[in-house]
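Residues per chain are reported as follows:
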Amino acid sequence: MSESEYWASIMRRRLSRRTLMQAGLATGIGLWAGSALGCGGSQETKGEPTPSNQPKQGGTVTVRADADARGFDPHLETQTQASIHITKIYSGLMIWNRDSTELVPDLAQSYEQPDEVTYIFKLNQGVKWHNIPPVNGRELTAEDVKFSIERMSTNQPGKFQHAYYFLGRIAKIDAVDKYTVRFTMNKPYAPFMAYIGSPWSKIVAREAVDKWGELTKSETMIGTGGFMLKSHTPNVELVVKRNPDYFKKGLPYLDEHVTRFIADPSTVTTMLLGGELDYATIDSVDIERVKKAKPDYQIIEGVSTNPFIFRTPPYDDKIPQKAPFDNKKVRQAILRAINKQEYIDVVYGGRGVQCVGMIAPDRQPWALPESDQIKQDIPKAKQLMAEAGFPNGFKTDIICPNMWYTVDCSQVAKGQLAKIGIDAEIKPIEVAQYYNVVYAYNYNLNMHNMTGSEEPTDYLAPYYGSAATFYRWGNKELQQKIAEQEGIVLDKEKRIKAIQEIEHMIQDEAPMAPLFVVKYSTFGKPSLRNFLPVWNNYQGYYATELWLSE
Amino acid sequence: MAEQVATLAAAEKVSLGRQLPWYVDVWVRLWKEKPLGTFGGILILLVMLAALLAPVVTQYDPIVNDIPQKLKPPDAHHWLGTDNFGRDMFSRIVWGARISLYIGFGAVALGTTCAVIIGIVTGYYGGLLDSIVQRFVDAIMAFPWLIIMLTIMAVLGPGMNNVIIALSVGMLAGNSRIIRGATMSVKANLYVEAARCIGAGDLRILLHYMLPNVMAPIIIVATLGLGGAIMAEASLSFLGYGVPPPAPSWGGMLSGSGRRYMLVAPWMAVFPGIALSMAIFGFNMLGDALRDLLDPRLRSNG
Amino acid sequence: MTQYVIRRVLLIFPTLLIVTLAVFSVVRLIPGDVATLMVSEQGYGADVEAVKHMLGLDKPWHEQYIKYMSNVLRGDLGTSLWSKRAVTEELSLRVPVSVELGILAIGVSLCIAIPIGVASAIRQDTWPDYLGRSLAIGGLSIPGFWIATIILVLPAAYFNWSPPMKYQPFLKDPLANLQLFILPAVIMGIAMSASVMRMTRAMMLEVLRQDYIRTAWAKGMRERAVIVRHALKNAMIPVVTILGMQLSLLLGGTVIMESIFNLPGMGRLLIDAINWRDYPVVQGVNLVIATAIVCMNLLVDVTYTYLDPRIRYR
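Heads up: the protein sequence lines correspond to chains Y, C and P, in order.
Sequential numbering from 0 applies to the first sequence in numbering that gives the first Met the number 0.
Sequential numbering from 0 applies to the second sequence in numbering that gives the first Met the number 0.
Sequential numbering from 0 applies to the third sequence in numbering that gives the first Met the number 0.
Don't read these hints as lab results, they were simulated from the structure.
A few of these clues could be false.
[Unchecked claim] DSSO-like mimics (lysine-lysine), calculated; alpha carbons at most 30 Å apart, straight line:
| no. | chain 1 | residue 1 | chain 2 | residue 2 |
| --- | --- | --- | --- | --- |
| 1 | Y | 321 | Y | 229 |
| 2 | P | 83 | Y | 291 |
| 3 | Y | 327 | Y | 317 |
| 4 | C | 69 | Y | 394 |
| 5 | P | 83 | Y | 216 |
| 6 | Y | 293 | C | 71 |
Please model the entire structure based on the sequences and the hints provided.
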């Protein structure tokens, strides 16, 4: 992962309840255009937009992305640098709410699930594609949905990176009538709804695909979303403008939304202070300074859902476990040598949340509770090392991608492991080679930052499932349990129990230590309303609800 | 005629030796005539002393974390403050001298040796060998040094020795040209032809006549190269390809966490920057002074 | 003279051939696979071999090389493996940025170096000489990215001011464009001025000792006339060589400034392409840079010969 991807991937949003309610209220008011609840001149405290202000039309907001996207095709891309634009321009059947806790309808007006394997979506009527050739503003139908989901499930490895969502899982898709789509699964598949709401499961137009094949270039972005592409200066900025025919009447409020590509975090701070950016997420080191310099700026805090994890080498049928990490006691010793809070304090100045299990702490209700945390216990760790036959420790090395955050975390880990006698050398590896090394299972210890999502399976199956490739844990029982929980569709409580059982098994096996997630602060101009922290996949979508009070 | 006699006389002085051998004489003249160069030399001496006496002068371990002490400003216990892992900056900077000197001397030794071999051999033999090798040298020089170094680091992987290899490749092409030029000038001298007439073999000529007379450009190139190597290591660190942590390399301290904590803990970046600048400044000044002293004396026509 | 020029021009081609071979092979020697990188994004790895085939990377090297060279000679530098844009298109956006930065930096370095070099030579071994040289070498010794960080960070912290960071092409908005370029150009120029200053000073020193200068003094010419009319012109000749070398150093050395000041130039394109193993882009950029440098060296050599008839090349 490049630094860009790091900043891209760490941002998932999670607002405080209060802000969520007000945002929801403001959205509701905005949508019900015409109701004048406003009273002028509200006195606002920091971070709490008063719901009684009526959203104003117009204005331009400038935000930052750390890099330009490599491509813009929703079915091919995976990086957040792409999704922030894709979610502005394209629409999907469903979308995650601002809190990422619940799916809400987007293109779909409603949906029902008559049984475990059937999902029926009723689409909004009168949804128009952007008025750009070759689609030319025609209406969106169920055929478009069928076409898009089938396209994204194309079995072309390396290209259609999200095919694993639905490939082999959907028995058939029926366009029952112009505005109704029915999905029938092969067997019960719990992640289905989450994947339908993914930022990549967007509906694309057949005419565009027929004309261009891959929709990689920015000019090929023709969707049904609230914004249309205005201009794209590669590696400088991407500007979108309001879609006058957006099916959610009244939205978006802004005339234009500008994303500028700036790689260096200290440059971002400089630009925010200089007023060139309207809102931006600030590096933890600079937060106090920005607070002092801009006391009137609003602050939103959120928690990332991309954990840092510290891994021992994987294994499968072909590649055996690597000594001394094949000894369960060694792994458990390492797990107990680790002090997770220290990582947060040293690398992010205390702004973070410790992980308990594999699933990021903010993904409720799936994540393990704090009470299940395995705390640092040096005496126990030393005892385990002695029992394993290494009373004096051993020498090893830690590989990590060559990014400052993983390198710094590795330095913390080195210090902690030294306490139980493990002398670890740090080897930062260039990102492109890192994946090769990891893929070959050819390392000792590894400091990694993983990408999560709203779907709990995405924290488990890529590592412990039977289809895992980049990291694979050969414990067959675990693999089977993971496959099973995917089938629990209707009974949420049952699924939660199954997942927590899996997490406890993982804690016992101790193949990796889930460390922490970053807590970040986004600063915004006082006149901004409804802004989401930058750097989550759906930032683009919620830009439609963004407005300026002056 | 008079010119040639003078040249012979000068050459004689070199090959037959004088009262004070020239390599000692240089330092005496440096002290007497070149205050800037002397200043540079003193700076270098400081750096070398720091490298030598590191265990004696420092009381903290430069690579072991001490997290409760992190980000402390300079005070009585930590003269230059601590970094984000609680490590004492003064200790890190003093120990860092070792790394900078190791990398600098290593890169220059390797690079200059290769440059000398290539330069002297192609300059002396000329002809087809020279043409072919020069095409390769041209090709290497056609690449910006940063690209060459990045590519080599990408191929070799992280590590101090790999940094040395990368740096030496970067400097060998251009320096070989300089040495080649000097070799060709020396070759044109009478005494070389005279030696051949006596029946001296190629190897003897190369070692006894060419090498000593080409020493001056070699020394100059080496001294300036030291400054360049240290700076290049800092640049590599900035791009993420330098010496891996927790090694206290000055370039690494400047680039990574130093930049990030610039406003919160400026001592993390300022002091290594001063150390780095001092070392590079010193090598450059010394190299310049040496060039002033050595070049005119031994320069032959052409 | 023409014979010399023709010979030099012909010698370019073997050099360029070696350059393309080097560019082509080295980038593939770097471990780390573009195909693996492409499938690495998701946790469920896919078939790396399939991706390789799709990208045409599973054919033997010499086949790939021949195909590549035949395309190059037709003006097609390939397509980026990631962005699917033509390499020439990517370059056309980036080259003006780096070139502008380079020209401005050289301009700055000349403005600093030549006056200091001349003054140092005239007043050799006096305080102005020492001061000037210390400043120039000081500029060389202080890492550019360090200065740049301080310059950017301090005003932002204390005065809430930052220079505008948005790139505007020069033709569109010259003022905004120059505002962005001036800082990195000055920082780079200061670093580069040292070598030019050294060379200027050395050449001036040598020239000033020549007989014709003494004649000019004896004739009673004023100092300034002597310097400008006689000394400077002759001293400048080798400076031209140095400039040529500087330009080559420049083309790759802009990476760091481009990162800090957010300039979409060739250096960053190259580094990103190396990181992502975008072979066509790496090859294309290296080819363009190397060709430019080789041609520049030729130009410098020819100019040198033209300017100074005393120089003879074997």
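Do the hints match the structure? See the list:
| no. | hint | verdict |
| --- | --- | --- |
| 1 | Y:321 <-> Y:229 | violated, 53 Å |
| 2 | P:83 <-> Y:291 | violated, 45 Å |
| 3 | Y:327 <-> Y:317 | holds, 20 Å |
| 4 | C:69 <-> Y:394 | holds, 26 Å |
| 5 | P:83 <-> Y:216 | holds, 8 Å |
| 6 | Y:293 <-> C:71 | holds, 26 Å |
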